[in-house]
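K.L.:
If you want the building blocks of each chain, they are given just below.
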Amino acid sequence: MITEQGRILELLLSGAFICQISDEEAWRFLKTSGNSDKIETQLNVLNRTLASAAEGDVFFAAYQSLYDNERKQLGGQFQEISSQLMPLVEWLLLVQQANGSDVPVTQGTAIRLNELQTTIEDTPAFAEQLEKISRNRLFGSTSTQLDGQLKLVFNRLTQLGYVLKPNVEKQIFIATGKVEYLYDVLKFIDETEALSLTEQAENAVQQGSLL
Amino acid sequence: MNQHLQQAGVRLLNALSRHADLIMQVYLSGTLDESKYSPKVIESLCQLGILWRPESDTQLRLKSAVRNLLEGSLHDERNRQIDANIGSALASLKTLAQHYKEALYHSRYAEADAHLSDLTEHVYALTESLSNSVRVLFSRINNEFGYVASIDAKIRENELAQSQVSELLKQLEMFRFDELSELAGSNRELRHLLVVTLQHSFSKVIQELSIVQARLLELIGRFREFKGRTQLLKGFLLHMEQKPDFSPVNYSQLSQVPMLFNQAAALIKPAAVDVHRIEHEQDLQQLVGAIKAFNRSNTSHQPERAAQKINVEEQSSAQFAEDKLRLAVEAYFCQVIDSGERLTALDYHQQHALEFDPEVWIYQVVGGYQGLTMEEQSYFALDTNGEAHPIYSGNYIIRDVELGLR
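For the record, the sequence lines run as chains A and B. For the first sequence, the numbering used here gives the first residue as 1, with consecutive numbering after it. For the second sequence, the numbering used here gives the first residue as 1, with consecutive numbering after it.
I should point out that these hints are in silico values taken from the structure, not numbers from a laboratory. By construction, the Cβ of each residue, glycine as well, lies at the ideal position given by its N, Cα and C atoms. Watch out, some of these pointers could steer you wrong.
Covered stretches of chain B (chain A as the covering partner; in silico rule of three or more C-beta atoms under 8 Å from a C-beta of chain A) [said to hold, decoys possible]:
{"#": "1", "region": "222-230"}
{"#": "2", "region": "260-272"}
Per the computed footprint, the stretches of chain B lying under chain A, defined by three or more beta-carbons under 8 Å from a beta-carbon of chain A, are [unchecked claim]:
{"#": "3", "region": "146-153"}
{"#": "4", "region": "241-251"}
Simulated restraints, written as ranges between beta carbons of each label pair [claimed, not checked]:
{"#": "5", "chain 1": "A", "residue 1": "Ser-33", "chain 2": "B", "residue 2": "Ile-211", "range": "26 to 34 Å"}
{"#": "6", "chain 1": "A", "residue 1": "Ser-36", "chain 2": "B", "residue 2": "Phe-177", "range": "48 to 56 Å"}
{"#": "7", "chain 1": "B", "residue 1": "Gln-282", "chain 2": "A", "residue 2": "Ser-33", "range": "33 to 41 Å"}
{"#": "8", "chain 1": "A", "residue 1": "Asp-122", "chain 2": "B", "residue 2": "Gln-25", "range": "26 to 34 Å"}
{"#": "9", "chain 1": "A", "residue 1": "Lys-38", "chain 2": "B", "residue 2": "Ser-203", "range": "47 to 55 Å"}
{"#": "10", "chain 1": "A", "residue 1": "Glu-169", "chain 2": "B", "residue 2": "Ala-20", "range": "43 to 51 Å"}
{"#": "11", "chain 1": "A", "residue 1": "Ser-14", "chain 2": "B", "residue 2": "His-276", "range": "19 to 27 Å"}
{"#": "12", "chain 1": "B", "residue 1": "Arg-156", "chain 2": "A", "residue 2": "Ile-174", "range": "28 to 36 Å"}
{"#": "13", "chain 1": "A", "residue 1": "Asn-47", "chain 2": "B", "residue 2": "Asn-250", "range": "20 to 28 Å"}
{"#": "14", "chain 1": "B", "residue 1": "Gln-308", "chain 2": "A", "residue 2": "Asp-147", "range": "51 to 59 Å"}
{"#": "15", "chain 1": "A", "residue 1": "Gln-207", "chain 2": "B", "residue 2": "His-200", "range": "52 to 60 Å"}
Required output: the full structure, derived from the provided sequences and hints.
P.N.:
See below:
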């Protein structure tokens, strides 16, 4: 029998994001300080360290020290993340607006695909937006049917770990902690590049821009 | 006078119940659609003070007293009004208490009784209005201001509720229990009303208000975060629209790579089942089961199943003993044919001093006879010598067989 610690170590080493939604037991285990120290020592053997994002909502394995190979790996990864940002942001806004409650998608937000589909079908602007998102390289849909586009987008997001489908039978998706990670990335870019995104959005609203 | 009041009250309540539909319609929609109801009914409701016209050219509305009654009884969350006028309520309590004490002092007991019941009414009204205010606040918090849609509106509602709470707390500071206790003096009824009842409700309200305040702060924090996130997303979209070629600096080349972009590559590949471990037997069996299914669907692509050259070698030694026995039986048959005489198998066995077990020999002879073709069998006759079993009928024990020509 594999121990809980071993199971979590395996999860981390296989590149998983551990959050309360994806694996609550593992997440609670890591939240306990003594346990995370044990995992940390084991990860250190393999030049890895336990990293967390979104104020401890998400855990993942990071490199402990960086050499040429690791930097190359991280460089490729960064390109991937930054190229995915735009479609993911568009997707987040689409879900938020179609939801009707004006609440952003966060960890634990349940998305009912059927309801979402109905709203998008009834609103041509949303349908157009979805089509644009699904055409993106990240999703690469060639379907002309709204139904197919939506399913493809959500399947791809499940693969990427942003959402989870707790019940195979039902078309209900739950946003994982990786969404929080995405917000963190956006915040970081905003601060580092001094984009002042929040102010831009506010100004646009004041100027009556159609957002 | 009393009779008169009662009659008027009953008439008012009857009117309320008779025109309940109309009143609820006005309550829900805000104004009265005058074309739907007869002018006479509307007129009488106006006279009873249930409906009123704020200005001459506006539509009829419900009197606020009736509205308050409905909001209070229906626990309607749209009720955002909080009655915080505790100062004047306290002043009237003090006045009534003084009236009561004066009447007692002059031994006007009937008057004192009236004052006391009035005072009781006022105290309970005050406590009820306090607990009502808290309930209204709570009901709005509990559904997170669900009656407004946008986050901005929720933030505004939250700010309103916070200002109401602080106003209520400021008003509650007007409770001076030392003054009230002095006023009540040694009178038991007064002390019960002014000190015990009020203090009880006061401490309860204070306690609940502090919870309300904490919850409101927590909620506004969440709303602000929601708003911040939405703005972040929208800002990013806007930015990308204005500068489509924007791409952040590759942070992985910095000397200090931020943790956020330091994501180790997956290291572990799936492990295999160990054939030498008993614990893995179950898994192994499943795997093997899967292999079978896989093979069945692919039988045509198996080189090892194609036609192959097979070397056939004689396996002489293995059949040796059997052959000897068979040859002996053949020799026995030949002797019978040559001599033309009947000969039992055991006699032949003795004559030739064969080394086989007699029972095996007899079996082989019988087998040899039955192994002949029908045509060959018809040349021979095989008789069995023996007797029936002494106890079990139907069983026949063969001692010997005799072979002869027909």
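K.L.:
The structure should be examined with respect to each hint, and the outcome stated for every one.
P.N.:
Structure-based check of each hint:
1. 222-230: holds (count 4)
2. 260-272: Satisfied; 9 residues make the cut.
3. 146-153: holds (count 3)
4. 241-251: holds (count 5)
5. A:Ser-33 x B:Ile-211: 26 to 34 Å: holds, 31 Å
6. A:Ser-36 x B:Phe-177: 48 to 56 Å: Holds, at about 52 Å.
7. B:Gln-282 x A:Ser-33: 33 to 41 Å: Distance hint for Gln-282 of chain B, Ser-33 of chain A holds at roughly 37 Å.
8. A:Asp-122 x B:Gln-25: 26 to 34 Å: holds, 31 Å
9. A:Lys-38 x B:Ser-203: 47 to 55 Å: holds, 49 Å
10. A:Glu-169 x B:Ala-20: 43 to 51 Å: Once the Cβ atoms are compared, 47 Å apart, the range 43 to 51 Å for Ala-20 of chain B and Glu-169 of chain A holds.
11. A:Ser-14 x B:His-276: 19 to 27 Å: holds, 25 Å
12. B:Arg-156 x A:Ile-174: 28 to 36 Å: holds, 30 Å
13. A:Asn-47 x B:Asn-250: 20 to 28 Å: holds, 21 Å
14. B:Gln-308 x A:Asp-147: 51 to 59 Å: Once the Cβ atoms are compared, 54 Å apart, the range 51 to 59 Å for Asp-147 of chain A and Gln-308 of chain B holds.
15. A:Gln-207 x B:His-200: 52 to 60 Å: holds, 55 Å
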